[in-house]
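Visitor: Sequence:
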Amino acid sequence: MRAERPPSAATLVIRGGRDTPDKLRTHAQRTARAWSLDGQPFLGISVFAVLDTPLDELLRRRFTSFRTIYLSTVADDDELTHLLTALGDLQPNPQYARSAIWREES
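Take 687 as the starting number for the sequence shown in the working numbering and just add one per residue.
Derived from the structure by calculation, the hints contain no laboratory data.
Just so it is clear, CB atoms sit at the ideal spot from N, CA and C, and this is done for glycine as well.
Some hints could be false.
To be verified - Cβ pair distances, simulated, as ranges:
| # | residue 1 | residue 2 | range |
| --- | --- | --- | --- |
| 1 | T706 | T767 | 17 to 25 Å |
| 2 | F752 | N779 | 21 to 29 Å |
| 3 | A714 | R748 | 15 to 23 Å |
| 4 | D775 | D742 | 35 to 43 Å |
| 5 | N779 | E743 | 34 to 42 Å |
Let the sequences and hints guide you as you build the complete structure.
Guide: Here's what the structure looks like:
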């Protein structure tokens, strides 16, 4: 866990247990078997956002079986920069606006 307090506007995000690239890949593949988006497998891993429950209570109720946790924030510019770096280069979406579901505003 962090030694410093997160920014007041930040949302804490928790993932339980120690991860490796293989473990993350396995979890993403398991999610793809269970969920789809527009008929396509939906890759993902589980995290919890701490919204209206105190962190200690959430850890006690949901994460008591995990010896270690990842605790990150959303709204911290340094971590958002790391996330953007991990996402790689921005690329045009060849399927943009080919569906009437919704269109992102610039």
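Visitor: Taking the beta carbons of D775 and D742, is their distance inside 35 to 43 Å?
Guide: holds (40 Å)
Visitor: When you take the CB atoms of F752 and N779, is the distance between them in 21 to 29 Å?
Guide: violated (36 Å)
Visitor: If I claimed the Cβ atoms of T706 and T767 lie 17 to 25 Å apart, would that claim hold in this structure?
Guide: Because 24 Å falls inside the window, the suggested range holds.
Visitor: Do the beta carbons of A714 and R748 sit within 15 to 23 Å of each other?
Guide: holds (20 Å)
Visitor: Can the suggested window of 34 to 42 Å be confirmed for the beta-carbon pair N779 and E743?
Guide: holds (40 Å)
In terms of the numbered hints stated before, the structure departs from hint 2 and from no other.
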